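Protein chains: 2
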Amino acid sequence: MQFKIDAISGNARATTLTMAHGEVQTPVFMPVGTQGVVKALDHTDMLNLGAKIILGNTYHLYLRPTSKVVKKLGGLHGFSKFPNNFLTDSGGFQAFSLGKLDKKNTKQDENGIMFKSHIDGSMHYFTPQSVLDTQYDLGSDIMMILDDLVALPNTRERIELSIKRTTKWAKEAIEYHVSQKAKGIGTNQNIFAIIQGGTDKEFRKMSAEQLCAMSDYDGFAIGGLSVGELNNEMYDTVEYTVQFMPKDKPRYLMGVGTPEDLIENIDRGVDMFDCVMPTRNARNGTLFTTFGRINIRGAKFKEDGKPIDEACSCYTCQNYSRAYLNHLYRSGEMTYFRLASIHNLHYYLNLMKECREAILNDNWSEFKKEFYLKRGKK
Amino acid sequence: MQFKIDAISGNARATTLTMAHGEVQTPVFMPVGTQGVVKALDHTDMLNLGAKIILGNTYHLYLRPTSKVVKKLGGLHGFSKFPNNFLTDSGGFQAFSLGKLDKKNTKQDENGIMFKSHIDGSMHYFTPQSVLDTQYDLGSDIMMILDDLVALPNTRERIELSIKRTTKWAKEAIEYHVSQKAKGIGTNQNIFAIIQGGTDKEFRKMSAEQLCAMSDYDGFAIGGLSVGELNNEMYDTVEYTVQFMPKDKPRYLMGVGTPEDLIENIDRGVDMFDCVMPTRNARNGTLFTTFGRINIRGAKFKEDGKPIDEACSCYTCQNYSRAYLNHLYRSGEMTYFRLASIHNLHYYLNLMKECREAILNDNWSEFKKEFYLKRGKK
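So the sequences go chain by chain: F and G. Under this note's numbering, the first residue of the first sequence carries the number 1, and numbering increases by one thereafter. Under this note's numbering, the first residue of the second sequence carries the number 1001, and numbering increases by one thereafter.
Rather than coming from a laboratory, the hints here were simulated on the basis of the structure. Note that the structure is a prediction, hence the values are computed from the model and not measured. Built from N, CA and C at the ideal position, the CB exists for glycine as well. Any given hint could be a false lead.
To be clear about the criterion: a stretch of chain G counts as covered by chain F if any three or more of its residues have a C-beta under 8 Å from a C-beta of chain F, and this derived list gives those stretches [as the list claims (entries may be wrong)]: (1) 1041–1048; (2) 1078–1090; (3) 1170–1176; (4) 1251–1261; (5) 1319–1331.
This is chain F alone, in the form it adopts within the complex (with noise of 0.2 Å):
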């Protein structure tokens, strides 16, 4: 990966991530492609959309349809077609979650995760190096570590834990991802460490530290926020995180969040983000909007022919009126779920693009300062 710096605006950054798949600029959010699919849309979808980036679940494709499967037929890029960068997480957050739900058959150890799929019931195990094997077989362009992930709030031996391992993972990744590619493996694959360490301060220091002092990792995430905290521990967590982490290196934050939540931790540092709100919301009915929220099943919509956002100019804008999406939700018609989500996700993407632009002007507190105000918001 190449990585340039091309402007900083108070601690905002704008830079440009340069990958098999392109050039991704950041601020970048990532959509969400659990399945090798963003829900409701395609490839073509994608592209119109103008992402760079997009997520896939290790998790997920390494049960259905396999890795293999995936590699067999051109990785994630020829599976699906989607001709831009891929990341893929390790599958440590699914563990994690599952986890919660079947806690008798998922069993952490100092060596990896023992899960039960979801699917089938057969038993799986993941180590660092394994999850490293399934993106190769993807070809993601950035491929996460297997993390020791924990829920908040927690207890300070078990949050100990989790940094210990995450550690040793990493190194273990690290190692196997160096002496595969000298064997011609994974060559234009990147490769992220993810810090843990709850809301704790000395924690974050430790984690940041132990892996950021690892040199041959391409980049960094903040890993473990979002997990039930309150939003302004997470502003905190990452506020003080980022300063243990190389500049010279993207900064990923997952799982992360509202539109607010991207503004304030852009303002904070980080350059990357992913989240399922947009397209999720979209299929609830919630559409983001310059002014706000709104819930498109409302009866006030109903006879409505103004666009979701005058101000947008995505393709459901463009050519639908909130009174026909509100009839398509209300009779149950799947068109509504991707004319929606090509929505949030265009708001999403677009607001990145707004950002960089403030960054590139260096106008980033201004600019702050006008989201809000068009919220009717601080």
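Keeping the supplied structure of chain F fixed, place chain G upon it in accordance with the hints.
Here is chain G on its own, set in the frame of chain F:
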């Protein structure tokens, strides 16, 4: 409506209907957009498929969002943004199918049909005039009259009653439409009557002669088929009925059918078709190809890198593998429904295009033979 016969080959016809929203070349298959949308697709998808006419359901749209709302938003064209022609049914078929489920709340009398809304339980009464008022609001290019449909098999008395009522309602409808047009209402809208009579030749002749004598109708449909009778009974009934229908007006066989049904009925002189089959089958995994049907759910497609049909030029076949579609289906991804619906509708619309080509080249009977040969039949 301007109606022109472009060519006849055997009994198969190639014709052109010119209406307010453009030309429709026949034989034509009209995709079904029950609630103002073809399921899983949008108006751009329909334009990309080359659809010149789609169907909307009066019953559904009348109840939700209501025809008043559709009118306020520019009729079906303004509401859905599909700029080509719409045909709307009368609601008679839905009253018929609901009637089978809810006999207590569905009552036909000599003036119309009383039924209970499947949405909110409210009671409604459709008359020959009221269903036209609704269709004036919807702004469809072809309006169907209220008919009295019966399930097959049925008693001679009930079928005779259905013919009598259908003729009475057809008279009332055309008188009402002529008077409304004189007032400037529905002047761009065409109206079709619907021939009933089950599979009984005497009854079909009676109904056809009574209706086709009403020369203000723009076209005639054969209704009351594809409701439980055998395939050959349907074909025989159509073959017999067509001879009593005017040559200089379009002939529409309602609710039919499989690709084979289309071929057989074009062979008997039918111009227009509609059916939920391509979109409904797509959603169930059944995909149409030049060599017959496949079910994409099958495990044998899990690693199959080929498109659904190598001879197909649709968007889905040009982009995606059977393996990807199989994966999307198995994973419950909504994207599957759109891609599969695009393929099946392309198959139907393209088949009609090929039929027309064959008729224009006076090559119909060869074409028909070829169609079955590719499927290894006849």
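Violated hints, by number in ascending order, as checked against the structure:
3 and 4
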